[in-house]
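Asker: Now for the letters of each chain:
Number of protein chains: 2
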Amino acid sequence: MKVVALAGGVGGAKLAHGLAQILPPPDLTIIVNTADDFEHLGLHISPDLDTVCYSLAGIAHPRTGWGRSRETWHALASLEELGGPGWFRIGDRDLGTHLERTRRLDAGEPLSRVASAFCKAWGVGQRVLPMTDDAVRTIVRTNQGDLAFQEYFVRRHTVPRVEGFRFTGTEAASPAPGVLESIADAAAVIICPSNPWVSIAPILEIPGIRPALEHKRVAAVSPLIGGKAVKGPAAKMYSELGIEPSALAVARHYGGLISGFVLDRVDAKLQPQVSSLGMQVLVTQTLMKSASGRRRLALHVLDFLGSLQP
Amino acid sequence: MKVVALAGGVGGAKLAHGLAQILPPPDLTIIVNTADDFEHLGLHISPDLDTVCYSLAGIAHPRTGWGRSRETWHALASLEELGGPGWFRIGDRDLGTHLERTRRLDAGEPLSRVASAFCKAWGVGQRVLPMTDDAVRTIVRTNQGDLAFQEYFVRRHTVPRVEGFRFTGTEAASPAPGVLESIADAAAVIICPSNPWVSIAPILEIPGIRPALEHKRVAAVSPLIGGKAVKGPAAKMYSELGIEPSALAVARHYGGLISGFVLDRVDAKLQPQVSSLGMQVLVTQTLMKSASGRRRLALHVLDFLGSLQP
Numbered sequence: 170m171k172v173v174a175l176a177g178g179v180g181g182a183k184l185a186h187g188l189a190q191i192l193p194p195p196d197l198t199i200i201v202n203t204a205d206d207f208e209h210l211g212l213h214i215s216p217d218l219d220t221v222c223y224s225l226a227g228i229a230h231p232r233t234g235w236g237r238s239r240e241t242w243h244a245l246a247s248l249e250e251l252g253g254p255g256w257f258r259i260g261d262r263d264l265g266t267h268l269e270r271t272r273r274l275d276a277g278e279p280l281s282r283v284a285s286a287f288c289k290a291w292g293v294g295q296r297v298l299p300m301t302d303d304a305v306r307t308i309v310r311t312n313q314g315d316l317a318f319q320e321y322f323v324r325r326h327t328v329p330r331v332e333g334f335r336f337t338g339t340e341a342a343s344p345a346p347g348v349l350e351s352i353a354d355a356a357a358v359i360i361c362p363s364n365p366w367v368s369i370a371p372i373l374e375i376p377g378i379r380p381a382l383e384h385k386r387v388a389a390v391s392p393l394i395g396g397k398a399v400k401g402p403a404a405k406m407y408s409e410l411g412i413e414p415s416a417l418a419v420a421r422h423y424g425g426l427i428s429g430f431v432l433d434r435v436d437a438k439l440q441p442q443v444s445s446l447g448m449q450v451l452v453t454q455t456l457m458k459s460a461s462g463r464r465r466l467a468l469h470v471l472d473f474l475g476s477l478q479p
Numbered sequence: 170m171k172v173v174a175l176a177g178g179v180g181g182a183k184l185a186h187g188l189a190q191i192l193p194p195p196d197l198t199i200i201v202n203t204a205d206d207f208e209h210l211g212l213h214i215s216p217d218l219d220t221v222c223y224s225l226a227g228i229a230h231p232r233t234g235w236g237r238s239r240e241t242w243h244a245l246a247s248l249e250e251l252g253g254p255g256w257f258r259i260g261d262r263d264l265g266t267h268l269e270r271t272r273r274l275d276a277g278e279p280l281s282r283v284a285s286a287f288c289k290a291w292g293v294g295q296r297v298l299p300m301t302d303d304a305v306r307t308i309v310r311t312n313q314g315d316l317a318f319q320e321y322f323v324r325r326h327t328v329p330r331v332e333g334f335r336f337t338g339t340e341a342a343s344p345a346p347g348v349l350e351s352i353a354d355a356a357a358v359i360i361c362p363s364n365p366w367v368s369i370a371p372i373l374e375i376p377g378i379r380p381a382l383e384h385k386r387v388a389a390v391s392p393l394i395g396g397k398a399v400k401g402p403a404a405k406m407y408s409e410l411g412i413e414p415s416a417l418a419v420a421r422h423y424g425g426l427i428s429g430f431v432l433d434r435v436d437a438k439l440q441p442q443v444s445s446l447g448m449q450v451l452v453t454q455t456l457m458k459s460a461s462g463r464r465r466l467a468l469h470v471l472d473f474l475g476s477l478q479p
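These protein sequence lines are chains G and E, in that order.
Sequential numbering from 170 applies to the first sequence in the working numbering.
Sequential numbering from 170 applies to the second sequence in the working numbering.
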């Protein structure tokens, strides 16, 4: 069964890694959010792409959820000693990725081709596609004004109160080569347990992607468990936008797009309400604490997709 | 006695370090070649400025003559794993310097202000000035065509046969703030044992610098000992340009500009011929094998300068 996964950073990378443990590499395509990308220190940084690729390559940091394993921090320490900005943590090995990506982009290679070359070098056999080769950027509207995503997320530690989101550049953006084709070829699409507001929404806003998902079997895994995000500001965003954060809120969020929804056992009581939205529901353990936990969730989700009506 | 030293990379950095062990910091200004600077991986790299500053700060690599002590190479290894260019060796701590320099230049700071801020952060009390804030670049004319300096020097290992040199951008360049003032204030100027063709020549080509040296006490230390360069391609360049490489050739090179010349003991026999050029001559050990060797040479050169006629 050919599967496409839509993914942001950590949660998406974990489920993608689980799927990669089951599906043959040619059967899995991961379409990754790039609206978190930004220019910093003259480098083009693609946090979600790197998190997904590092995870699939087995070189992701085992605990932080971002960055690389066996990492050192000498370049950043040297830069900070000179008064440079250290708020965005870039390790030495990670820096090599950003330098080479920036070099290739500056030489005219599109991001999707860079991602493909990096996957090959890292021994990643799955297809990892940026959602677009065009510059799309998340702007977080807050009580402290409009903030670029990393400014909000990393520099200000998600403290400003969220009032909404904008994704600049979407109107003029096209899906990266392979994105629409891989969706068309897929028997099913999984929306990973990533932030619906800032990881999945930008992917869905790229012209052509949402229509391509219609008449597909699409299932989403809730990134909220017991009303809380495993990582990141998703729950906080729902609250600040006046919506009680819960898996039910996520299911409503994806209403009209998905036919299946995956709830954690902790949220089993929400099953009737989610079902009443017209979705089939899978209740299982969605928290992925280990490689085997990722594999187990992936297996359950794949079984569930097989049972879904398109 | 206020002293100005004109310096390129390794040899210049060593003598500057020797002078810094003797003179009070406000009495020493080092004017550094920037025609070796180049853009690589989107970074502005200033090899000679860094070599001089790292040496004065006590963070230079003790053996290589370039780069930093206690260096690691993870970023470059990561970049090379992705197929990126590793021919110019940049360590992780060194990379922090280039990233922060590039960030400041991109924000509009002139190179001289960046150098001054870096010296302050590294605890370097001496004044280290780039020769200019403008872009001046050495082009090496060779039998394989015109080559940017680092292309010739690092990437092609000085193999191409030299036919001449051009320094682009000199006509429009101005001395960096403080350069002409420090020369005017100095009791004496030392031309360090740096490459006359590619380290000292570009400094002298910046409009205003050569005239400022007239009527000054100026002494040069030969970078050639026994007809050979301690490091780098100076001797090879003389040969390929049809000049027998020797300290005498260097003295002739600087004829009309200097009134004193420092020969190594190995070349003591050249003393009469150098004297016949109208220069006073100091014969001493010029090879600087250790910090104390740097200090000893600096002491002898300072004594010699005191005895020179302007």
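The set of hints was computed from the structure by calculation and includes no laboratory data.
Hints are not guaranteed to be accurate.
Same chains, same label: a pair holds when it works inside one copy or across any pair of copies.
With a cut-off of at most 20 angstroms between alpha-carbon atoms, the simulated SDA-like pairs for lysine to any residue come out as follows [as the list claims (entries may be wrong)]:
1. Lys458 / Phe334
2. Lys400 / Ala276
3. Lys289 / Leu274
4. Lys385 / Ser428
5. Lys289 / Glu250
6. Lys289 / Gly253
A quick note: this is a predicted structure, and the numbers were derived from the prediction, not measured.
Asker: First find the shortest C-alpha distance between Lys458 and Phe334 inside one copy, then the shortest across copies, and answer within, between, both or neither for a cut-off of 20 angstroms.
Answerer: Neither: 30 angstroms inside a copy, 62 angstroms across copies.
Asker: Is it within, between, both or neither when you check Lys385 against Ser428 at 20 angstroms Cα-Cα?
Answerer: within (9 angstroms within a copy, 86 angstroms between copies)
Asker: At most 20 angstroms between CA atoms: does that hold for Lys289 and Gly253 within a copy, between copies, both, or neither?
Answerer: between (33 angstroms within a copy, 14 angstroms between copies)
Asker: 20 angstroms Cα cut-off: does Lys400 pair with Ala276 within a copy, between copies, both or neither?
Answerer: Result: close neither inside a copy nor across copies, 36 angstroms intra and 34 angstroms inter.
Asker: Reference check for the pair Lys289 and Glu250, CA-CA at most 20 angstroms: within, between, both, or neither?
Answerer: Intra 36 angstroms, inter 10 angstroms, cutoff 20 angstroms: inter-copy only.
Asker: When Cα atoms must be at most 20 angstroms apart, do Lys289 and Leu274 count as within-copy, between-copy, both, or neither?
Answerer: Result: close within a single copy only, 17 angstroms intra versus 35 angstroms inter.
Checked against the numbered hints above, the structure breaks hints 1, 2 and satisfies the rest.
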